[in-house]
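The primary structure of each chain is shown beneath.
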Amino acid sequence: MAEALLEITGFKMHFQTDKGVVKAVDGVDLTVSEGEIVGLVGESGCGKSVTSLSVMGLVPQPPGKVAGGSIRFAGKDLTRLKGREWQKIRGNDVAMIFQEPMTSLNPVFTIGNQMVEAIRQHQKVNKKKALSRARETLREVGIFREGILDEYPHQLSGGMRQRVMIAMAMVCRPKLLIADEPTTALDVTIQAQILDLMRRLNRETGTAILMITHDLGVVAEMCQRVVVMYAGQVVEQGDVQTLFKNPCHPYTKGLLKSIPQLDKRIDRLYSIPGHVPNPRKLPTGCRFAPRCEFASDICREQEPQLLELGDGHVSRCWLEDKDGTRRGADRDATTNTA
Amino acid sequence: MSTNAPTMPVGEPEPTAGTEVERESPFRDSLRALLRHRSAMIGGGIILFFIIIALIAPLLLPYGYNQIDADARLQAPSADHWFGTDDFGRDIFARVVYGARISLWVGFFAITGSIVIGSLLGLVAGYYGGWRDTIISRMFDILLAFPSILLAIAIVAMLGPSLQNAMYAIAIINIPTFGRLMRSRVLSVKQEDYVLAARAIGMKNSRILLRHILPNSWTPIMVQGTLGFATAVLEAAALGFIGLGAQPPEPEWGKMLSDSRGFIQSAPWTMLFPGLAIMFTVLGFNLLGDGLRDVFDPRMKQ
Chain A
1 MAEALLEITG FKMHFQTDKG VVKAVDGVDL TVSEGEIVGL VGESGCGKSV
51 TSLSVMGLVP QPPGKVAGGS IRFAGKDLTR LKGREWQKIR GNDVAMIFQE
101 PMTSLNPVFT IGNQMVEAIR QHQKVNKKKA LSRARETLRE VGIFREGILD
151 EYPHQLSGGM RQRVMIAMAM VCRPKLLIAD EPTTALDVTI QAQILDLMRR
201 LNRETGTAIL MITHDLGVVA EMCQRVVVMY AGQVVEQGDV QTLFKNPCHP
251 YTKGLLKSIP QLDKRIDRLY SIPGHVPNPR KLPTGCRFAP RCEFASDICR
301 EQEPQLLELG DGHVSRCWLE DKDGTRRGAD RDATTNTA
Chain B
1 MSTNAPTMPV GEPEPTAGTE VERESPFRDS LRALLRHRSA MIGGGIILFF
51 IIIALIAPLL LPYGYNQIDA DARLQAPSAD HWFGTDDFGR DIFARVVYGA
101 RISLWVGFFA ITGSIVIGSL LGLVAGYYGG WRDTIISRMF DILLAFPSIL
151 LAIAIVAMLG PSLQNAMYAI AIINIPTFGR LMRSRVLSVK QEDYVLAARA
201 IGMKNSRILL RHILPNSWTP IMVQGTLGFA TAVLEAAALG FIGLGAQPPE
251 PEWGKMLSDS RGFIQSAPWT MLFPGLAIMF TVLGFNLLGD GLRDVFDPRM
301 KQ
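In order, the protein sequences belong to chains A and B. Quick note, the first sequence lines up with residues 1 to 338 if you use full-length UniProt numbering. Quick note, the second sequence lines up with residues 1 to 302 if you use full-length UniProt numbering.
If you're looking for bench data, these hints aren't it; they were derived computationally from the structure. Heads up, a few of these hints could be off.
[Claimed, not checked] Just a sample of chain A residues kept apart from chain B, beta carbon distances all over 12 Å, derived:
no.	residue
1	T31
2	A67
3	D93
4	H154
5	M168
6	P174
7	D180
8	T189
9	H214
10	G254
11	P260
12	I266
[As the list claims (entries may be wrong)] Straight-line alpha carbon distances no greater than 25 Å define the calculated SDA-like cross-link-like pairs of lysine to any residue that follow:
no.	chain 1	residue 1	chain 2	residue 2
13	A	K127	B	L196
14	A	K88	B	D193
15	B	K190	A	Q302
16	B	K204	A	S157
[Claimed, not checked] Computed beta-carbon distance windows for the label pairs:
no.	chain 1	residue 1	chain 2	residue 2	range
17	A	S132	B	T134	45 to 51 Å
18	B	R138	A	K76	21 to 27 Å
19	B	N205	A	H275	34 to 40 Å
20	B	N205	A	R173	21 to 27 Å
Built from N, CA and C at the ideal position, the CB exists for glycine as well.
All chains should be built: construct the whole structure from the sequences, respecting the hints.
Put into structure tokens, the structure is as follows:
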């Protein structure tokens, strides 16, 4: 097993608002090893993006507030970093690409201009050298053509812009690339190309990728491990094979069941009833209980802990605690190992 | 586009055939739209005309602006004195032409001053928010609470009447206009993804402000600046008129108007030409400003 590159433990990011505390991320445990591709999935509003922005230190504080836990990257606790130290890490060690390639480039500068900017942010090279680096990187992502460095973002298509973003993110050879729904805004054929590109870069440069998405198809295609989030918490985690074949948490099951299938004709597409709870008024007990078809009394009263099911597969559900014997044991286990 | 041909690399075939690569900046696009805008071009033409005569004034004139000729007082326009003469026998054409220098000079420096100071304050207020925003915005509110010309009068009264102090006063009273405009633009631009992306590659705040926020926020400032130029010219004339701006013998248009108040019936040309000069300058800047607004307003694009 490769060394853990990113290690998030019990991380909580709360937002102070006039109407109360919004617990956007409330207990996330997640590791990304070197060279690994990890998928982070969940419905809209479950805290995926806030988690990823927290890793980059891009959550404005205030109103955001780290309410507990740590984010360790290559041994450093990122939650304690100050402005300057962040600037050294962002773009250099950890880079990020965003959902909207159409708006992620500055409309008033040329592609070359912005790429040179990104390169010279972290590398002490002159403009000419930076330009040739830019050319090289654009060639790597497969969109180099004569004159592209002098073009403006509005002259490129969405897919090309996303490639420019990837090129800018990869130019300093980061150890970790966070991709926040990188293909959501693109059409299917372009999606496939972008995913291919990211997989190739992962293979060739060994950059680990944390892939945030709500598309389970993308996860199955790309990732080695999956982390499922619900209402600010990790509810299930495991390697792709196990999780897709043998999902344990009812939420994961629901997500998998909600995917339309080409080979089966069904009258009604399954959907999980209800909505993601308001992060200001989280239900007591299991957060998924109000929407869960298997919920029992204990689910509504006590919050389940993450249970180890073997082989790194964990689930936050009372169902796995069949005879109730592990309830106490689990608590002992967590306190002992902590 | 044949105009782009020279910049194309020779002998390199375009990989994407058919889609000709245009090297057009958004700025140049706007410039072209502006050149097609009829009233903006008329306004621009008027301004250009005034700028040119202001620049070449001394070459143009047989008389100095302060050349007194007691024998030729209050003469009607003639071949010798195109715009007639005033009560000191000074050539009004010469005075109006030199006046263009003064008005444009005051307008330019006053507005540049308010743009620079207002934009900086607006950038800081909008980008950083918090207590900086509170202090700066309340300062703007205080300035805006006074009627602007009254405030200008108060400032000049404090500093002492002179053209330069009038210019400072005009600059100060226009700061909140630009400051608020910039602040509101920054508030929306800082939410853009490319600003987040810039932070994600490790860029520091000052650089984000200058490289990403400012260039994307300055078009409304430019429009407002052009319109503000017209206001500044008017304000300078108003201050001159009440004796708080240019001091004699400086041929300031507002001052010329007030000096010839007594001859409005006997020698109307003494007021007519400076008045027309003010009117056309203001009209020119207003037309150009409206044109710029049309060009930069995305809703007006076809």
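Would you list, in rising numerical order, the hints stated earlier that this structure does not obey?
When the structure is compared with the hints, numbers 3, 4, 5, 6, 7, 15, 16, 18 turn out to be violated.
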